[in-house]
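Protein chains in written order, with this note's numbering: chain X, 366 to 615; chain R, 366 to 615.
You can trust all of the hints, since none of them are fake.
One copy or two, either will do: identical chains are not told apart, so a pair holds if it fits within one copy or between any two.
Below, a list of computed lysine-lysine pairs in the DSSO-like style, where the Cα atoms sit at most 30 Å apart:
id : residue 1 : residue 2
1  : 611       : 383
2  : 383       : 606
3  : 560       : 594
4  : 560       : 475
5  : 560       : 496
6  : 606       : 400
7  : 594       : 605
8  : 531       : 425
If you're looking for bench data, these hints aren't it; they were derived computationally from the structure.
2 protein chains.
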Amino acid sequence: MKAFIEYIAAELEMEDPKSEYPNICAGTDRYAMYKVGPVLSVSHGMGIPSIAIMLHELIKLLYHAQCKDVTIIRIGTSGGIGLEPGTVVVTKQSVDATFQPKFEQVILGKTVVRNTDLDQNLAEELLQCSKELDQFETVIGNTMCTLDFYEGQARLDGAFCSYSEKDKQDYLIKAREAGVCNIEMESSVFSAMCKLSGLRAAVVCVTLLDRLKGDQLMSSHEVLNSFQKRPQILVGCFIKKQLMAKAVTS
Amino acid sequence: MKAFIEYIAAELEMEDPKSEYPNICAGTDRYAMYKVGPVLSVSHGMGIPSIAIMLHELIKLLYHAQCKDVTIIRIGTSGGIGLEPGTVVVTKQSVDATFQPKFEQVILGKTVVRNTDLDQNLAEELLQCSKELDQFETVIGNTMCTLDFYEGQARLDGAFCSYSEKDKQDYLIKAREAGVCNIEMESSVFSAMCKLSGLRAAVVCVTLLDRLKGDQLMSSHEVLNSFQKRPQILVGCFIKKQLMAKAVTS
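Extracted from the complex, chain X is given alone in its bound form (with noise of 0.2 Å):
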């Protein structure tokens, strides 16, 4: 987030040669995050719950400083199905385990089913933007989000197993012909708590591996870090746009 930040910063050139962008939760170990400008860069942590419990807070935090037309992006890595490693997946539906779009959340003991619809304005926007760049593939489609990372997204390599190469195969066939071009941990609940708030928001994910070929990176660290900036490039560039057009209307 701070690598983001600094990027930001640059791009915007709004740096500060002499700034640290110091962590406004260096309180805490839980999450960090960095503010420029307009722009805010938190991390979540790995999974549902902790990104969920980072934006009930965030959420509280923009209300109660009166924040205006707030656009949220989550950015970060997946696992691609049928795609090229570093391709760019913008968040069309996320998608369950069984390749609904729908996020269970349980109440008081009792399930409720939320929509996880994301602004497809925004998505098309970002699409847009990567044309503009022109410097990476980007494309719509639908994210798959699970609980777990290894047995959850059909992987052979974690600590327990109890499928075949073929069943693992079958399963991702199935989640491509519905639609899912990626598989990440965090999407289902960030859209639907952002669709519950009003908040305009998208998933931008760039994808590590094509799943369909294995479970373990075989890019370079190099390649791999390239790769990781993407969704930060795309963002930027949108950001950016976002703030001179802003700046020619008011």
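Here the structure of chain X is known, so what remains is to put chain R in place on it, guided by the hints.
Okay, now just chain R, sitting in the frame of chain X:
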């Protein structure tokens, strides 16, 4: 985790005044791991998905390192139900949000139910350590493990809340009647994965507040810090006893 390994090093008289106890997982910012003598201390992030990833990788590590007779104990904090804040709970059974002792793992889109039993002898040994220490109250009871900190634990102070104070109280009282002493977010998958792997496991969490009386921490930072040390002190005492018994028999 570093504080714990420093504490254990002192307890076991294995301190190296020059040692800084390096983070063995320094290559990633996802987890931190420290080691002194036969004791490994690992962070796990927040929530079931985060601890599950760590456990898959730790279980593989223990297997390849040919570790034998491993005991694994989760230490942490929790919300208590009807207990004086600062009470330590050693988990008897980890139960879900409907108070059932089970963990639902989704594999290839299908739900598999796993057992969350913990080692009852180990729990009794830990309780015995607390009696010998005689520094704070410790009880054995059920621990409710939820996927969400706010709505999932009937808190009234999240970004969303669709229920009343009375609904919350009714739910927490039902939980208490089902033997639930405390609520946290990792014990179910921890219990299930340890049981599947044949690892002797326990969960030891201090309660930071009584959820029947409120949702926010009311104790001072100083008091909360002292509460957070209690699971460390209890598990430190247990480790010391185990190693002394081993030294006598070997």
